[in-house]
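Colleague: Chains A and B supply the protein sequences, listed in that same order. Read in order, the letters of the first sequence are residues 1 to 168 in the working numbering. Read in order, the letters of the second sequence are residues 1001 to 1418 in the working numbering.
If you are wondering where the hints come from, they were derived from the structure by calculation, not from laboratory data. Every value quoted in this text rests on a predicted model; they were computed, and no experiment measured them. C-beta: ideal position from N, C-alpha, C; glycine also. You may find that some hints are simply not true.
Claimed, not checked - Computed spacing ranges between beta-carbons, pair by pair:
no.: 1; chain 1: B; residue 1: V1351; chain 2: A; residue 2: D116; range: 42 to 50 Å
no.: 2; chain 1: A; residue 1: K142; chain 2: B; residue 2: P1056; range: 36 to 44 Å
no.: 3; chain 1: A; residue 1: H163; chain 2: B; residue 2: T1027; range: 35 to 43 Å
no.: 4; chain 1: B; residue 1: V1162; chain 2: A; residue 2: A50; range: 47 to 55 Å
no.: 5; chain 1: B; residue 1: G1049; chain 2: A; residue 2: T141; range: 28 to 36 Å
no.: 6; chain 1: B; residue 1: P1056; chain 2: A; residue 2: S134; range: 54 to 62 Å
no.: 7; chain 1: A; residue 1: E126; chain 2: B; residue 2: G1021; range: 34 to 42 Å
no.: 8; chain 1: B; residue 1: E1046; chain 2: A; residue 2: K142; range: 31 to 39 Å
no.: 9; chain 1: A; residue 1: K162; chain 2: B; residue 2: E1057; range: 23 to 31 Å
no.: 10; chain 1: A; residue 1: D110; chain 2: B; residue 2: S1240; range: 32 to 40 Å
no.: 11; chain 1: A; residue 1: L132; chain 2: B; residue 2: Y1189; range: 27 to 35 Å
Claimed, not checked - List of simulated lysine-lysine pairs, DSSO-like, C-alpha gap at most 30 Å:
no.: 12; chain 1: B; residue 1: K1043; chain 2: A; residue 2: K161
no.: 13; chain 1: B; residue 1: K1043; chain 2: A; residue 2: K39
no.: 14; chain 1: B; residue 1: K1087; chain 2: A; residue 2: K12
no.: 15; chain 1: B; residue 1: K1288; chain 2: A; residue 2: K79
no.: 16; chain 1: A; residue 1: K161; chain 2: B; residue 2: K1087
Here are the chains, one letter per residue:
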Amino acid sequence: MPETVLKGKAIKLGDNVSTDDIIPGRFAHLRSNLPELSKHIFEDLVPDFASRVHQGDFLVAGGNFGLGSSREHAPVVIKMSEIAAILAKSAARIFFRNAINQGLPVLLCDTDKINDGDQLEINLTEGVITNLTSNSRLTSTKIPPLMFAILKEGGLIPYIKKHNDFEL
Amino acid sequence: MGKTLAEKILRDKSQTDAMAGDIVLATIDLVFVQDTTGPLTIKQLEDSGFAAIAEPEKVAIFLDHAAPSPSQQTSNDHILLRHFAKKTNCYIYDVGNGICHQLVAELFANPGDIIVGADSHTVTAGALCAFATGMGSTDIAIAMALGKTWFRVPETFLINLVGSFPQLVYAKDLILYLIGQLGADGATYKALEFGGESLAHLTMSERLTISNMAVEAGAKVGLFPSDEITQGFLSSQGRSASYKPLYPDADANYERIMSTNLSQLEPMVSFPHSVDNVRSARDAKGIKIHQVFIGTCTNGRLEDLAVAASILQGKRRYPDTRLLIAPASRQVLLQAIEKGYIHSLVEAGAVILPPGCAACLGLHQGVLGDGEACLSTANRNFKGRMGNPKAMLYLASPATAAASAIKGEITDPREVMT
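Please work from the sequences and hints to get the whole structure.
Modeller: Listed below in structure tokens is the structure:
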């Protein structure tokens, strides 16, 4: 987690965005070629995603974001698209853990108060989201300290390289 | 205070009190990958700097999702996984052995075990009272390296089952009904635990179908107690020594208790594009089906093929409806041949696919065309799941699938069997 304060634009999505929506299973043969795989991000759900996303933007979803398959390629391709963080009302368990393991912050908060295109500022340490467009603040649910420590190191691989084990 | 099944298993494997909400480090009895998640796992293991896996006898690789390989890239992934198995001396089950979750049930899962797999349907082994859950490739890589991982001890929903299934109503109808009740995120981060008088006559095949779909309500595990049924299954697999009884404490603390009377259920169908979009098969009557697929880790077992064969025997599939059948494992295929089920199914117009995931996730062996509808016995019907976002996917039991194959449209099996 190189930056603790992030600034960017909201790209709004709905409820129940599945891992098949994020990166369709039919591209499984490209999973060992991540640059090729990542070209297909949100291909069915948001066909113009590539032209809409800018470095540092946030995905702002409804409930149950990332449901479905355990494929870690879902948060991998989101990170490769230079999305800086995901905000959702709730996230599916495996996706949530995978995203943190990839060093991709997921903040659980009431995303109904954010509109597509809003400018947001996120303080990751405090879990506070400031909506610069509507001039309002949101607080996200605290994540367990171990997950925060993994996120702080930039993901599980750098965390394990540093600690050699999980430290509770 | 007493403990749920999830708390008991995590207590024993973490050597802590392990009450709901705690974060624990627990030792692992089996860690596995399949061919679409394994290559990234190997990459992450290499990046982590660990030279070896902790205990090769607790690591398994399954080539099942795209098997036999439909592409050069997948073939190269398969080569990578075979090399890794040779190098580390871990188990590998190559093309044709079957679906990872079925093989874990047949060969590995024991009551009280902790099993982690790089596949969301790892929850299937909860039927054998194993705390079994899916994780991503990086978690699995580190679990291989350390022989342990961390868990948040889940709160538990107890689902009490009473009564018995009416004719032509099955475990699949029950779990579809329950997911419809809970919603696709109704049990997120929770353990589902099944109890009640019906367990005494719920077979291992039925339990595997139910546990398999726990994740479709967001659950972390779907646990059955370890009882005489578990003992019978383990001994049928030549693993009697692995049996130990395991029950929740009578004063365990449940976040929610639900009760379902099996005798009140009817054949159910999950509609596109969400598993919790569940209606009765009667309400789905008349929906044209271009392909019926019977198989998968949910419903590709011997009992499932027996039901399909009994309905299709002496009949023919509807001419415009393809019928694909994939046994869940080599053992299932061999037994289905011996019992004559395969003969009846092929005579009825079925295509028999090799043991494996087959058409389930849209990589090969039955990818749908634009505007086509498929009735499948799988666990997921998300948009695009079977390889085409312009297809419509319906989920149901093998009986409903077989009846629908005869009529060419979604059909309540009670209509063709009376």
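Colleague: Are the hints correct? Go through all of them and say.
Modeller: Outcome of the hint check:
no., hint, result
1, V1351/B <-> D116/A: 42 to 50 Å, "holds (46 Å)"
2, K142/A <-> P1056/B: 36 to 44 Å, "holds (38 Å)"
3, H163/A <-> T1027/B: 35 to 43 Å, "violated (18 Å)"
4, V1162/B <-> A50/A: 47 to 55 Å, "holds (53 Å)"
5, G1049/B <-> T141/A: 28 to 36 Å, "holds (33 Å)"
6, P1056/B <-> S134/A: 54 to 62 Å, "holds (55 Å)"
7, E126/A <-> G1021/B: 34 to 42 Å, "violated (23 Å)"
8, E1046/B <-> K142/A: 31 to 39 Å, "holds (33 Å)"
9, K162/A <-> E1057/B: 23 to 31 Å, "holds (29 Å)"
10, D110/A <-> S1240/B: 32 to 40 Å, "violated (53 Å)"
11, L132/A <-> Y1189/B: 27 to 35 Å, "holds (32 Å)"
12, K1043/B <-> K161/A, "holds (14 Å)"
13, K1043/B <-> K39/A, "holds (20 Å)"
14, K1087/B <-> K12/A, "violated (46 Å)"
15, K1288/B <-> K79/A, "violated (41 Å)"
16, K161/A <-> K1087/B, "holds (22 Å)"
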